[in-house]
Amino acid sequence: MGKTDRGEHPLIFDDYTVQQVDPQWLQERVKPKRHIGLTPELCILCRACEDVCPWECIYMMSPDIIRDADSPSLKTLASQSHAVFIIDDTECTRCAICVERCPTDALWLGRVDG
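First residue of the sequence shown: 0, per numbering that gives the first Met the number 0; consecutive thereafter.
Worth flagging that the hints you see were computed from the coordinates, not collected in a lab.
Misleading hints may appear alongside valid ones.
[Unchecked claim] Distance windows between CB atoms, simulated:
| no. | residue 1 | residue 2 | range |
| --- | --- | --- | --- |
| 1 | Gln-18 | Ser-70 | 50 to 58 Å |
| 2 | Pro-22 | Asp-69 | 40 to 48 Å |
| 3 | Leu-44 | Thr-92 | 21 to 29 Å |
Just so you know, even glycine gets a beta-carbon here, dropped at the ideal spot from N, CA and C.
From just these sequences and the hints, can you work out the full model?
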């Protein structure tokens, strides 16, 4: 083993065999991108999804946060909603624990096509 300023070099292995991967096998094992969806009509605002999320990336927020939005459709949504459901997409791992926990099946795990 050689030495570096941080200690010894790790062993570099060369006793492996390169094999071509069958595309069909790979396609069956690589999961496509997913997203968490919400059917607002089914949501009872119990906040179970927010409580169970291990990454703490689900928020039920006051509609006041979007009442000042420039978009007319967002303003309409804010005026008709009791809460705004937000998932921090950078933190969500799509573990789907929230989907399993939802008592009314308002949450669902969908595929992102494309």
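Hints violated by the structure (listed by number, smallest first): Those not satisfied: there are none.
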